[in-house]
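Undergrad: Keeping the supplied structure of chain A fixed, place chain B upon it in accordance with the hints.
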Amino acid sequence: MTITYVGENLQLGKWGHISVLIAFVFSILSSVSYYFSVESKDETDKTMWRKIGRLSFYTHALGVALIVVILFVMLFNHHYEYLYVWKHSNNIMPMQYILSCFWEGQEGSFLLWTIWHVVLGCIITLTSKKWEAPVMAIVAAVQIFLVSMLLGFYIPSGPYIGIMILIFGLLALFIAWNRLNQVEKLSMGGALLAISAFVILKDIPEIQIGSSPFTQLLREHYSYSKELVFQDTKYLDKIDGNGLNPLLQNYWMTIHPPVLFLGFASTLIPFAFAIAGLWTKKLNEWMVPALPWIFFGVASLGTGILMGGAWAYEALSFGGFWAWDPVENASLFPWLTFVGAAHVMIIQRKKGKSSYITFLLTIISFLLVLYSTYLTRSGILGDTSVHSFADGMPGQLLLFLFFFIWLAGFLLLQGNLPKILFTVLSLWFLIIQFYSDDLNSTVIGNISSYQIVVMIVTTIYLGLFIWGYFQFFPKEENEEEESMTSREFWMFIAAMVLLLSCMQIIFATSGPVFNKIFGTEMTANTDIFEAFVKYQIIFGFVICSMMGFGLYLKYKATPLKKLLSDLILSIVISSVICLIVAFTYQFQHGDSSKRLIAFWIFFFCSTFAIVANATYFIRILKGKIKLAGAPIAHLGFGMIMLGAFISTSQSKVISENTTHQDLETTFDAKLKNNENAFLAKGDTLPMGDYLVTYNNAYKEGHNIYFDVDYLNKNKEKEFTLHPYLQLNDKMGNVAEPSTKHFPHKDIYTHLQQFELSGTKEIKVKNGDSLKIGQGYLVLDTVMVRSDQTGMIYHFEYNYKVKGKVVEKVILENEKNQIESKIAKLKSTQASVKLLKIKPEEDSLVFEVADDNSGYIIMKAIQFPMINVLWAGCIIMVIGTIIAIVHRVKLNKSLLNG
Amino acid sequence: MNKSAIIGLGIIAIVVILLVFTMQDAGTYSTFKEADQNPNEVITIIGQLNKSKTVEYDPKINTDLTTMYVVDKNNDQRLVKLHKAKPRDIEKSEKLTLTGRMVNGVFHAETVLVKCPSKYEDGKIDTSKMVDQKF
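Line order of the protein sequences matches chains A and B.
For this note's numbering, count along the first sequence from 1 and bump the result up by 9.
For this note's numbering, count along the second sequence from 1 and bump the result up by 121.
Excised from the complex, chain A in its bound form:
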C-alpha cells in the first residue's frame, strides 16, 4: 500500500534534479566542444566549436543558477521532506543563518565551489580572447567532476565500470590514432584490453555517484524510514528540522566559506592557463594573462583563511586563531604554493620565458586544493580532527584528484613513450584500488603486496617527473647562470622555501592518509609545537629576512655596496625598535634559552621585514602607490608574521587558579593544570592586571549569557564580557567565548563549566528558621484570614545574619492562590517564596533561589598585539589588489602597443 502524504512538494525536487542534469550534461558538452575548437585545424570549425562551447557553458551556468535558487526556496520554506533541508535547518533559525545552512552540508559546499567556477568561467569567456577555448575546456572539465558530486546516481553492481573504461579508452585511442606509431598503438591497445578485462571480471559492488539534495527524501533514508511518524500522512506538520550546528551560527561563518571557496576556485584559472599553455605549446605566453589571476587567488585565499582564523578566535573554545588542525592546514597548502608560483612567475614573466618550476607550482596549487578537499571531505581524518565530515565520497574525490594529476603529468612529460607509460601506469593504479582488499591480504615479509604496488608506482611517478624536468626546455648553450645578487635568484629561493614549508605541513597533516595507504597506525602529533611550530618558525625567519632585502635587489645583479647602503637604515631602525622593546617589555620565554634566542631572532626578522618594506615604499618609490603592490603586500605579511608570533608566544593565561593546591601535577611540571579559575557568584579573583567578578546570568533567546566584570585595581569596573552558552538539545549545548578588544591586546574569556543559581525546595516545621546564604529567616508575625475567595495569609520574617536583623521579608499570597509572591532579599542575591502550607504536618514548604550558589569555571587569556595580525591581513590584501590593478594595466598596454 502506498501512502499519499499531505503537504509534500516533490515537484520542487524534480526541477532541482533536472537542473543538476542540465548543469552536468552541458558541462560535458562545453568541455568537449572547446576541446574540438582547440584541436580542429580549420578556422571556421574552430570558431563554430568555440561558439557551441561557450553557449553550452552559459547553459551550464543557468543550470547551476537554477540549482541554487531551488535549494534556497527549499530551505526558506522549510521543506523537511528533503533530507538536506531537514538535516541543516530548522524552524527557529534566524534568517541570516539560512545562508550558512546552504553550505553546511557536503552538497552545498560543492555547490558553492561550483558557483564560483561558473562566475570565474564566465569572466574568462568574456575577457580572454584566443585563450578562451583551451582554458574553458579545462574549467568545464573540472565542472563535470564537481556537478557529478550532486548527481545522486547509482551504478549497479556488475561489469558496467569495466565496459565504461573500455569505451572511453577506445575513444581516446581513436582520437590519438594518427599521432602514434605502430609500437605505441599496439602497446596502448593491449594495455587497454588487459585493464578493462580485469575490471569487467571483478565483481564491483554498487557505486553511488554523488549525492543530491533533491532526490534524497527524509522518509526514504535508511536511518529514518522506519520511524513511526511516517505512518501519518500529515507528518510534515509534526516534524522540525535538525538545525544548524551551533558552532556555525556565527557571522564569520556566513562570510568565511564564500571567500575561502572563491580562493579555492581562483586556483583553477592559473591552472587552466598552465594546462592550456602546455597543450597548445604556448609555453611562455600563458603567464601574461595568468599572473593577475594568481595575485587574485593569493588575495582571496589568504583572506578566506584568515577569516576562518577570525571565526575560530571569536567562536571556538581553544583560544587562538590557529590550532594547526588538519582542516586549517589543508586550506594553507595551496596558498603557500600559490604564493610561490606568483613569485616564480614574476621572474619568468620579466624574462619572457617559462620554466618547469612555474608550471609545477601553478599546477600543484590546484591539485592541492583537490587534495585538501579529499583530506577534509572524505572522512579519512577520523580520529585526528574534530572537524572531519564523515559523509564523504572518497572514491569519487580520489578519481577527481587522479584525473587531474594524470592530465597535468601527461602534458608535462615530453615524447609519446613517457606519456603512454604514465597513462597506463595511472590506469593500473586506479584499477588496483578495486583490488586493494585482495592485495592487502597477500603479505610478503612484513609488507603487503598493496604496499609494494603503491611504492613502485610512487617511485616510477617521481622518476618520470624528474626525467621530465631534464627533458623540459633543454638548457641553451649560451644561457647565463643567475647571479647570487640578482632579484630573480632570491625570488626563486623564496618560492622554494614556501614549497618546503608547505611540504612540512603536508607531511605532518597527512598521517591518516599514510595510514590508509600503508596500513600503519601513526597518530597525529598532539603537541603542535613539536609537529609544526618548531619547523615553521625556521621557515618564518628565512621568509621574513628575504622579504626585507628582496625588493632592494635589482634584476640581473646588484652591487653589494649599494645594497648595504640601502639596507643600513632599515637595519638600524629595526635594531632600535628591538632594543626599545627589550627594555620596556617583559617577555615570557619559559626557562628555555633556545626559545629566548628564537624569540629575538624572529622579532628582529619580522620587524625588519616591516621596516624595510616601509622605507622602500617611502624612499625608493617616493610613495608612488601604483607601483607599490609588492612592498605593501610584503609589509602586510610581515605584520601578520609579527602579530601571529607575538600573540601566540606571548599569550598568557591570566585565569590561573592560585587558590587550590594541586598535588596531581607534582610528578610532571609539564602538566599545567591550573589554567581555569573557579569563580563563585559574587567572588572577586585577581587575574592579570584585573580583578574579575561574576555577578549575573540571564537567558535571552536560545542563549544564556554570563556577565563577567573586569575591574581595575581600585575595584572600578573597566568592562564586562559576556561569554555565553548556546542551548541546543540535539547537538549539545555549546559555550562561546567573549573577547574584549584593545588596540594593543585582547582579553579572551571562555566558559568551561557553570552552575546556575540552584532552586531548592525546603520544608521546615512551623516556627523553625530557614537558612538562606549566610543567614537565617526567622518568623516574626503571622496573619491568616479567610473570606469568600479563600485563605489569605501574611507572614513576616526577619532575615538575620550573625544574629543581627538585616531586613524584613514579607510573604503574602494572592487571591485564589496557595503560593506566595516571590520575595527578593535585598541584602543577598536570593529570593524566596512559600510553596505549600501543610497543616497536617504542621510545616511549610519554601522554594529558595539562592543566586549565590551559582558558579562559573572560566579561562581568560590575554593576547598581546593580535591586532597587528588583523591589520597586516588587510594591508596585505590592499597590496595584492594594487599589484593586480598594475598587472592588468600592463597587460592592456602590452596588447595595445
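Treat the hints as calculated values from the structure; they're not laboratory data.
Among the clues, some could well be false.
Result set (DSBU-like, lysine-lysine): computed pairs, CA atoms no more than 35 angstroms apart in a straight line [stated by the list, open to error]:
no.: 1; chain 1: A; residue 1: K708; chain 2: B; residue 2: K124
no.: 2; chain 1: A; residue 1: K708; chain 2: A; residue 2: K769
no.: 3; chain 1: A; residue 1: K847; chain 2: A; residue 2: K772
no.: 4; chain 1: B; residue 1: K154; chain 2: A; residue 2: K708
no.: 5; chain 1: A; residue 1: K847; chain 2: A; residue 2: K708
no.: 6; chain 1: A; residue 1: K769; chain 2: B; residue 2: K205
no.: 7; chain 1: A; residue 1: K571; chain 2: A; residue 2: K633
no.: 8; chain 1: A; residue 1: K726; chain 2: A; residue 2: K830
no.: 9; chain 1: B; residue 1: K236; chain 2: B; residue 2: K202
no.: 10; chain 1: A; residue 1: K603; chain 2: B; residue 2: K174
no.: 11; chain 1: A; residue 1: K543; chain 2: B; residue 2: K172
no.: 12; chain 1: A; residue 1: K359; chain 2: A; residue 2: K898
no.: 13; chain 1: B; residue 1: K174; chain 2: A; residue 2: K543
no.: 14; chain 1: B; residue 1: K174; chain 2: A; residue 2: K235
no.: 15; chain 1: A; residue 1: K835; chain 2: B; residue 2: K181
no.: 16; chain 1: A; residue 1: K247; chain 2: A; residue 2: K55
no.: 17; chain 1: B; residue 1: K181; chain 2: B; residue 2: K202
no.: 18; chain 1: B; residue 1: K213; chain 2: A; residue 2: K247
no.: 19; chain 1: B; residue 1: K172; chain 2: B; residue 2: K154
no.: 20; chain 1: A; residue 1: K809; chain 2: A; residue 2: K842
no.: 21; chain 1: A; residue 1: K898; chain 2: A; residue 2: K60
no.: 22; chain 1: A; residue 1: K360; chain 2: A; residue 2: K633
no.: 23; chain 1: A; residue 1: K55; chain 2: A; residue 2: K291
no.: 24; chain 1: B; residue 1: K154; chain 2: A; residue 2: K811
no.: 25; chain 1: B; residue 1: K181; chain 2: A; residue 2: K842
no.: 26; chain 1: A; residue 1: K571; chain 2: A; residue 2: K724
no.: 27; chain 1: A; residue 1: K708; chain 2: B; residue 2: K174
no.: 28; chain 1: B; residue 1: K124; chain 2: A; residue 2: K360
no.: 29; chain 1: A; residue 1: K243; chain 2: B; residue 2: K213
no.: 30; chain 1: B; residue 1: K181; chain 2: A; residue 2: K833
TA: Relative to the frame of chain A, chain B by itself:
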C-alpha cells in the same frame, strides 16, 4: 656542478630530512598495556568511556581534573585522570583519543579529543515541533 643543481640537491635533502623528522615525531595508537610497559612516555590511546561509572569532576577542589574510566581496544579498563576541565558532552562520547602517560597504573592524560556520534545517524526526528529548551 652548477648552482641550480646544488640548489636542487639541497632542496631534495631538506625534503627527505623533513619527512624523516616528521615521521619520527608521530607516535602510534597504543594500548594501556603498552603504556604500562613504557611508563613516563607520552602515548596516544583510543578508547571508550565506561558510561556505567560516573565521570568525576569537582571544580571546587580542582578545576582542571576530571577522573573517569576508559576501556581501550583490548577491553582493558583503566582509571584516567584528565588534567583538563571536564569536556562538554563527554558522557555522550563514543570515542576518546587520549594523549598522556602512565604513572603508577593511572593514565594521566594531557589532551583529549572527544568524538561524539554523528549528529545525523543517531539523531531522532524531532516531532515535538516546539523545541522545549530546558536548563
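Undergrad: Give a verdict on every hint.
TA: Results of checking the hints against the structure:
1. For the given pair, K708 of chain A sits about 68 angstroms from K124 of chain B by alpha-carbon distance, which is inconsistent with the 35 angstroms threshold.
2. Using a Cα cut-off of 35 angstroms, the hinted pair K708 of chain A and K769 of chain A holds, with the two alpha carbons roughly 20 angstroms apart.
3. Simply put, K847 of chain A and K772 of chain A have alpha-carbon atoms about 10 angstroms apart, close enough for the 35 angstroms limit, and the pair holds.
4. Of the supplied pair hints, the one linking K154 of chain B and K708 of chain A is violated, its CA atoms being roughly 47 angstroms apart against a limit of 35 angstroms.
5. Distance check on the hinted pair: K847 of chain A and K708 of chain A sit about 34 angstroms apart at the alpha-carbon level, within 35 angstroms; holds.
6. At most 35 angstroms may separate the alpha-carbon atoms for a hinted pair to count; K769 of chain A and K205 of chain B meet this at roughly 30 angstroms.
7. With a C-alpha separation of about 22 angstroms, the suggested pair K571 of chain A and K633 of chain A falls inside the 35 angstroms cut-off, and the hint holds.
8. Between K726 of chain A and K830 of chain A the CA atoms are separated by roughly 34 angstroms; this keeps the pair inside 35 angstroms, and the hint holds.
9. The straight-line distance between the Cα atoms of K236 of chain B and K202 of chain B is roughly 18 angstroms, inside the 35 angstroms bound, and the hint therefore holds.
10. Note on K603 of chain A and K174 of chain B: the hinted pairing is violated, with a Cα-Cα distance of about 45 angstroms set against a maximum of 35 angstroms.
11. For the hint linking K543 of chain A to K172 of chain B, the alpha-carbon distance of about 39 angstroms lies beyond 35 angstroms, and the restraint is violated.
12. Between the alpha carbons of K359 of chain A and K898 of chain A the distance comes to roughly 15 angstroms, so the proposed pair stays at or under 35 angstroms and holds.
13. For a cut-off of 35 angstroms, the pair hint linking K174 of chain B to K543 of chain A is broken: about 40 angstroms separates their Cα positions.
14. Of the pairs offered as hints, the one joining K174 of chain B and K235 of chain A holds, with about 33 angstroms between alpha carbons and a cut-off of 35 angstroms not exceeded.
15. Distance restraint check for K835 of chain A and K181 of chain B: the Cα-Cα separation of roughly 27 angstroms lies within the 35 angstroms cut-off, and the hinted pair is therefore satisfied.
16. Proposed proximity of K247 of chain A and K55 of chain A is contradicted: the alpha carbons are some 59 angstroms apart, above 35 angstroms.
17. At most 35 angstroms may separate the alpha-carbon atoms for a hinted pair to count; K181 of chain B and K202 of chain B meet this at roughly 17 angstroms.
18. At roughly 27 angstroms between alpha-carbon atoms, K213 of chain B and K247 of chain A fall within 35 angstroms of each other, so this suggested pair holds.
19. For the proposed pair K172 of chain B and K154 of chain B, the alpha carbon gap of about 21 angstroms is at most 35 angstroms, so the pair holds.
20. Using a Cα cut-off of 35 angstroms, the hinted pair K809 of chain A and K842 of chain A holds, with the two alpha carbons roughly 17 angstroms apart.
21. In summary, the hint linking K898 of chain A to K60 of chain A is supported, as the alpha carbons are separated by about 28 angstroms, within the 35 angstroms threshold.
22. Straight-line distance between C-alpha atoms of K360 of chain A and K633 of chain A comes to about 25 angstroms, which keeps the hinted pair within the 35 angstroms bound.
23. With a C-alpha separation of about 17 angstroms, the suggested pair K55 of chain A and K291 of chain A falls inside the 35 angstroms cut-off, and the hint holds.
24. Restraint check for K154 of chain B and K811 of chain A: not satisfied, since their Cα atoms lie roughly 57 angstroms apart, outside the 35 angstroms limit.
25. At most 35 angstroms may separate the alpha-carbon atoms for a hinted pair to count; K181 of chain B and K842 of chain A meet this at roughly 29 angstroms.
26. Restraint check: the Cα-Cα separation between K571 of chain A and K724 of chain A comes to about 58 angstroms, which exceeds 35 angstroms; the hinted pair is violated.
27. Among the hinted pairs, K708 of chain A with K174 of chain B is consistent with the structure: their alpha-carbon atoms are about 32 angstroms apart, no more than 35 angstroms.
28. Between the alpha carbons of K124 of chain B and K360 of chain A the distance comes to roughly 19 angstroms, so the proposed pair stays at or under 35 angstroms and holds.
29. A threshold of 35 angstroms between alpha carbons decides the hint, and for K243 of chain A with K213 of chain B the separation of about 33 angstroms falls inside it, so the pair holds.
30. Of the pairs offered as hints, the one joining K181 of chain B and K833 of chain A holds, with about 27 angstroms between alpha carbons and a cut-off of 35 angstroms not exceeded.
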